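J.: Chain order of the listed sequences is A and B.
Offset between the first sequence (1-based) and this note's numbering: plus 412.
Offset between the second sequence (1-based) and this note's numbering: plus 1.
The set of hints was computed from the structure by calculation and includes no laboratory data.
Errors might be hidden in some of the hints.
Said to hold, decoys possible - Cross-link-like lysine-lysine pairs, in silico, BS3-like; alpha carbons within 27 Å at most:
hint, chain 1, residue 1, chain 2, residue 2
1, A, LYS489, B, LYS156
2, B, LYS156, A, LYS498
3, A, LYS527, B, LYS156
4, B, LYS101, A, LYS495
5, A, LYS446, A, LYS513
6, A, LYS513, B, LYS90
7, A, LYS661, A, LYS446
8, B, LYS243, A, LYS527
9, A, LYS529, A, LYS495
10, B, LYS243, A, LYS513
11, A, LYS513, A, LYS498
12, A, LYS631, A, LYS648
13, A, LYS529, B, LYS156
14, A, LYS527, A, LYS495
Small disclaimer: the values here were computed from a predicted structure and weren't measured.
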Amino acid sequence: MTNSLTAVSSTELISVDEVAKTYHTEDTVIPAVKPVSFSVGTGESVALVGPSGCGKTTLLLLLAGLERASSGQVVFKGIRYDKPRKEIALVLQEYGLFPWKTVRQNIELGLRIRKAKIVPAQIDAMLNEMDIIDKADLYPQQLSGGQKQRVALARTLIVQPELLLMDEPFAALDTLTRERLQDLVIDICRRRNLGMVLVTHTIPEAVFLCRTIVVMNGKPGGIIATLSNPCAGEWKYRGSDEFYAVSRKVRTVLENGDA
Amino acid sequence: MRKYWRYVVTVMSVLVVWQIVSTLVGELVLPGPMHTIRKLASEAQTGQYWWHLGTSLYRILAALVVSFVTAVPLGLYLGMTPGADRYAKPLIYLSYPIPKIVLLPLVLLIFGLGDAGKIAMLAMILFFQLLISTRDAARGVGREAHYSLLSLGGKRRHLFMHVIWPAGLPAVFTALRIATGTVVAVLFFVESISTRHGMGFYILDAWGRADIGRIFVGMVSLAGMGVVLYEIFDIMERVFCKWSRV
Numbered sequence: 413m414t415n416s417l418t419a420v421s422s423t424e425l426i427s428v429d430e431v432a433k434t435y436h437t438e439d440t441v442i443p444a445v446k447p448v449s450f451s452v453g454t455g456e457s458v459a460l461v462g463p464s465g466c467g468k469t470t471l472l473l474l475l476a477g478l479e480r481a482s483s484g485q486v487v488f489k490g491i492r493y494d495k496p497r498k499e500i501a502l503v504l505q506e507y508g509l510f511p512w513k514t515v516r517q518n519i520e521l522g523l524r525i526r527k528a529k530i531v532p533a534q535i536d537a538m539l540n541e542m543d544i545i546d547k548a549d550l551y552p553q554q555l556s557g558g559q560k561q562r563v564a565l566a567r568t569l570i571v572q573p574e575l576l577l578m579d580e581p582f583a584a585l586d587t588l589t590r591e592r593l594q595d596l597v598i599d600i601c602r603r604r605n606l607g608m609v610l611v612t613h614t615i616p617e618a619v620f621l622c623r624t625i626v627v628m629n630g631k632p633g634g635i636i637a638t639l640s641n642p643c644a645g646e647w648k649y650r651g652s653d654e655f656y657a658v659s660r661k662v663r664t665v666l667e668n669g670d671a
Numbered sequence: 002m003r004k005y006w007r008y009v010v011t012v013m014s015v016l017v018v019w020q021i022v023s024t025l026v027g028e029l030v031l032p033g034p035m036h037t038i039r040k041l042a043s044e045a046q047t048g049q050y051w052w053h054l055g056t057s058l059y060r061i062l063a064a065l066v067v068s069f070v071t072a073v074p075l076g077l078y079l080g081m082t083p084g085a086d087r088y089a090k091p092l093i094y095l096s097y098p099i100p101k102i103v104l105l106p107l108v109l110l111i112f113g114l115g116d117a118g119k120i121a122m123l124a125m126i127l128f129f130q131l132l133i134s135t136r137d138a139a140r141g142v143g144r145e146a147h148y149s150l151l152s153l154g155g156k157r158r159h160l161f162m163h164v165i166w167p168a169g170l171p172a173v174f175t176a177l178r179i180a181t182g183t184v185v186a187v188l189f190f191v192e193s194i195s196t197r198h199g200m201g202f203y204i205l206d207a208w209g210r211a212d213i214g215r216i217f218v219g220m221v222s223l224a225g226m227g228v229v230l231y232e233i234f235d236i237m238e239r240v241f242c243k244w245s246r247v
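One chain only, chain B, in its complex shape:
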């Protein structure tokens, strides 16, 4: 319960600051929170708003699933197989620092202008964060844990199942939280190209119409989407990594 109160206090503080700044610079430049909330309430009554929101959420969730099922097993494998990691490392370190957004034209060329291209772009950003975090977490599992399991008769699959996977899981959630922020930001870019759906398009469309109120509705919606995702990750971590919180 206390956690929700903290949310209320934080949101109220932001609203107060927002209102003060809005009053200072004028509602035409920066609509106040009450104006934005009223606008949000009216937009929420239209099916189109939910269609935009749903499309963005679908793209992010699909990217999360794709990156999770590719990066996490690969990261864990590289973490527990130093020989393979030695070969993969140069490739990862060469490609990781490249800002993925510059690859957008290439990705759209390969995967098309539809949802697949956009999901691939988001998944690529998530992929590297997840891969490196899980690989490092798996690599960080001490020799003692290996010895302990092997001396109990464990084989490589037991090591993966009972040691590497659970040891890497908190790092996976941390990576998901960090990467989600970037992904929501990149979502705005990818939804500005050849689409008429998604919150990115919604904001750009409002910008084109000089509808400042709708721009803020879009921004608040993206922030809300981030909060929901973070909370989902928190709940999942509480369920699957109960041990890390005792």
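Okay, chain A solo, but in the shape it has when bound:
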């Protein structure tokens, strides 16, 4: 079985070194993530899997530069950062689309903010790639969940990121739509040689999409295992014996392990 997500040559994009996060409110201290370390290279895909509340999303927000680590460091291509970077794009579970902007305006937003030239043909090409060209002038609330997620993907891809961060992007979708979008994400990452970090609590999704599966558990959350899944991303992999074997393995780790 080929590994379709394997990069031509993988160089390290992002490195998480002993990163921990604690939230401080007026009268309480809430530890969210214990010190964790892992890295993602170009064209590589990493899934953060674990139960709700184990700090997966917090970790993703740290990678996105939307939260600041309490200790440790997040490094992108050798540069430590704690603010959003243009090379890193984020796709959220609830799509993060703005209801007051049409599909086209939502997609153009990143370019507009970065004062990049907006070429209508480029937007059209992206709309075509996502198969939503006929929805360009509609508002997000006029779209289905799957179409909204396509718009969210288009909006992040138009700014040509190198790393795609996704926070349970398919959680609200039906099975068939979810599988179609998973195939689309695989295709996108393969063609653009994108690195990807996927947060999910759905084991099969993590196993199908990501070559590395980082299993998190506990409160505060920590990494309890890192599993290699070299066949991820291959269409035939979904439903194969190996796929189920890896899924069972992740499940066993989650059930038995503790951070």
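Fit chain B to the supplied structure of chain A, relying on the hints for placement.
T.: Then chain B, alone, in the frame of chain A:
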């Protein structure tokens, strides 16, 4: 078109009920709609009527502009700046419940007995409604929207321009609609003091002369003014918040 028919049906129903009550209690106490319409038609031919109406409209519009340019930016700022809101909140909650009309003598003392005092009084009423509504709307913008914009490289000004402002706009129109009703009512009070212009004065003057017909003309004019304002807000909302109606 259907909307206008609804207006016609509603107005006709009110006129029928009005006529029935007028017949029951007598035209001297409650002039009927036909009498009022005839009176309105004759008043509308005098320049003085339009001067009164224009003065009231000017005061309301000026109050709307003053309150809008002060309350809306402040409300949006407080909504997106929790630190500032924590300090402003006690002040707002202490001053909001005070019936603004009791401050009328103080406002007139500060801003004078002319138009400025009256506009300031009306603007003060609008100010709090707009401030609280826009602040709450801005505060209600989810974290996801913030993350979404910031991850695209947006800064605070982009957040204001692309997220907070458009998200707050429907609440601004709702607040304007709610506050306008109160403002038209308060207009009557403020125009009863040291002025010889405006629909408030017009009604009080008619009352002093026991001219029931003119009192009703004044009431109908104020109602008409309210309808025009509401319709203007509706049109503006349709234009600026097209997305909220799909």
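J.: Can the restraint linking LYS527 (chain A) and LYS156 (chain B) be considered satisfied, given a maximum Cα separation of 27 Å?
T.: At roughly 12 Å apart (the allowed maximum being 27 Å), LYS156 (chain B) and LYS527 (chain A) satisfy the hint.
J.: Has the given pair, LYS513 (chain A) with LYS498 (chain A), been kept, meaning a C-alpha gap of at most 27 Å?
T.: holds, 22 Å
J.: Does the structure keep LYS661 (chain A) and LYS446 (chain A) at a Cα separation of 27 Å or less?
T.: holds, 23 Å
J.: LYS489 (chain A) and LYS156 (chain B) were given as a pair; does the straight-line alpha-carbon distance stay at or below 27 Å?
T.: Answer holds: LYS489 (chain A) to LYS156 (chain B) is near 23 Å, not above 27 Å.
J.: Hinted pair, alpha-carbon criterion (27 Å max): LYS527 (chain A), LYS495 (chain A). Please report holds or violated.
T.: holds, 19 Å
J.: Going straight from one Cα to the other, do LYS446 (chain A) and LYS513 (chain A) come out at no more than 27 Å?
T.: violated, 39 Å
J.: Decide if the proposed pair is consistent with the structure: LYS243 (chain B) and LYS527 (chain A), CA atoms, cutoff 27 Å inclusive.
T.: holds, 26 Å
J.: Within a Cα-Cα threshold of 27 Å, do LYS156 (chain B) and LYS498 (chain A) meet the stated pairing?
T.: Between LYS156 (chain B) and LYS498 (chain A) the Cα gap is close to 13 Å, so the pair holds against 27 Å.
J.: Given the hint that LYS631 (chain A) pairs with LYS648 (chain A), test it: the Cα-Cα distance must not exceed 27 Å.
T.: violated, 36 Å
J.: Hint check: LYS529 (chain A) vs LYS495 (chain A), CA-CA at most 27 Å. Holds or violated?
T.: holds, 24 Å
J.: Please work out if LYS101 (chain B) and LYS495 (chain A) have their alpha carbons no farther apart than 27 Å.
T.: The given pair, whose Cα atoms are some 46 Å apart, is violated under the 27 Å limit.
J.: Does LYS513 (chain A) sit within 27 Å of LYS243 (chain B), going by the straight-line distance between their CA atoms?
T.: This hinted pair holds, its Cα atoms lying about 10 Å apart.
Hints 4, 5, 6, 12, counting from the list given before, are not met by this structure.
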